[in-house]
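Starting from the known structure of chain A, fit chain B onto it as the hints suggest.
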Amino acid sequence: MKILLAVRNAVEMVLVALLSSMVALTFVDVIGRRLFGKPVFGAHDITEHLMALTVFAGLPIVTGAAMHLSVDLLNKYIPDTRYRWWHGTIAALSAANFFLIAWLFFEHTLTAMQISDVSQALRIPRAPVYTFMGISCLLSGFAVLAALLFGPLKGTSPASEEEML
Amino acid sequence: MTIGLAAIVFVILLAILRVPLAFALLSVSIIGLGIAINWNVALTLLPLTISEAVLSYDLAVVPMFILMGNVISRTGIATDLFRAAYAFLGHVRGGLSLATMVACACFSAVCGSSYATAATMAKVSYPSMRKYGYSDELAAGTIAAGGTLGILIPPSIIMVIFGILTQTNIGDLFLAGVLPGTLGLLLYMAAISIVAALRPEHAPRGERTGFRYRLQTLAGVWPFVLLFAMIIGGLYGKIFTPTEAAGMGAGLAIIISTLQRRMSFTLLRKVIVETAYTSVSLYTVLFGALMLSKLLTLSGLAAGVLTMVEGTGFTGLPLIAVIILVFLVLGCVMDSLAIILIFVPLFTPIVVAQGFDLVWFGVIVVVVTEIALITPPVGMNVFVLKAVLPDVALSKIFKGLIPFIAADIVRLALLVFFPAISLFLVAGAR
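The listed protein sequences correspond, in order, to chains A and B.
Residue numbering for the first sequence follows our numbering, starting at 1 and increasing by one per position.
Residue numbering for the second sequence follows our numbering, starting at 1 and increasing by one per position.
For reference, chain A alone in the conformation it holds in the complex (with noise of 0.2 Å):
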């Protein structure tokens, strides 16, 4: 459990870190753009790339946690304690859909190695990030399932829709 708090806390470290540079990124290149006429070259590729290692860094810290955007209308009759094969019915779909993701990025990857596929301003290669894809979904896969044995990842609470509205 120790490892497992200490692995959460180091991804936390790195979404800060992701994070931050996305606004600090887009704070100076506006305002470099417009005060200076000097913007910084490639910024929009950095962010998007920023935001892709952001989302597929927290994925298998929020699957472990249960943190996925549910609709909570049958909790009260559904609740976790209860129905326990319908809640392993759900983990095991939530991680097919992950596996299923993960294998379909590596296969992405190999055609991206292929094609040489990059991004568009700073020519960075695509593949190492699909594969980054397909690693955190692989691990969400086997999140969702520990998250059903041994329950979900403590310290973090469960999303509901309210909190996107």
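Fair warning: there could be bad hints in the mix.
Once the Cα atoms are required to be at most 27 Å apart in a straight line, the calculated DSS-like pairs of lysine-lysine come out as [as the list claims (entries may be wrong)]:
(1) A/Lys-2 - B/Lys-270
(2) A/Lys-154 - B/Lys-238
(3) A/Lys-38 - B/Lys-238
(4) B/Lys-270 - A/Lys-154
Hints were generated in silico from the structure; no laboratory data involved.
In this text, all values refer to a predicted model and were calculated from it rather than measured experimentally.
Below, chain B without anything else, positioned relative to chain A:
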């Protein structure tokens, strides 16, 4: 077409049965595309859709606006806004409710979430309203209704989602929300005044404050003025794209809160992590919604519904009225985000085919969503308020909301019949 229709039913069913929204949308879309088109297309579209969405500069607006809202809501700005509004309005009958409504509208302008607006304002203004003997109905109704302004007055996360699903310019949507949001505020204030006039015992007067105190309280609201002016001014003047406005807003919010000594590194870290987690949840749902949107198009459902509607001879505003009615009825029994994710891609081709402006339709959808947030039995804002104020009965909150729902209906009618209210600023910026 049948597969598309079945997909919608299955998504709703799975979501209600507690399957996380992202997986309900993804599973049904993949299987639907596999059956309707072929498995090769389904499995090719999936990584392409996800990678295109996550590697999109325009979509980076989501975490940065969420971060701005999360940072600014922890700076105590809600208290400052309420204090200033109370100083000016507190002495009139219903003044505390009016002040709460103004503070809600201003808070909405720096925070894109209805939930955050209602929860924050409940903590700030409810104790004062209780102290001055306001009825629970009016107090809770004011906060729950005021909270809904959070998703119309920009920045608004729901508008970003609408923009992504319909490929509408998010900057235009934000500009289009300003006047309808202001109209909403004015109508809510009118509703409060009417309640206060008819039932004075529900809304006693507060203290009258001096002119000097009023000016002093205004000093506390400069962060709001600065952020709102920068975002809306920047978008209107085409100085910023929405993503740039979001980045500037988040950066400024962090700088302001640090200068005000209201933000420590530990708190900032917590806020950023929360933002990241919320963004991850939202992105995964968007991946699913974009896949469903593709299924609805490729399975022929969207085109089929369009043909069917055209066959009925129903056109123009009566058709829009039917769509609004569908949203309103669904809003009473289903969660608002799910409705938007599932039904907006279905209705958009109809609206476009009828020659209506999608930006205007976006505003209408958001206003309908606002109403859904406060109508029984599934009024999300009411449940949020109930969680913050556990000793106020749900029935009282719903009862207190009746005048505000009436005001919303009036606003909806005005926005439908006078699209210029929504499109005036957009036209100016174009």
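How the hints compare with the structure:
no.: 1; hint: A/Lys-2 - B/Lys-270; verdict: holds (20 Å)
no.: 2; hint: A/Lys-154 - B/Lys-238; verdict: violated (44 Å)
no.: 3; hint: A/Lys-38 - B/Lys-238; verdict: holds (18 Å)
no.: 4; hint: B/Lys-270 - A/Lys-154; verdict: holds (15 Å)
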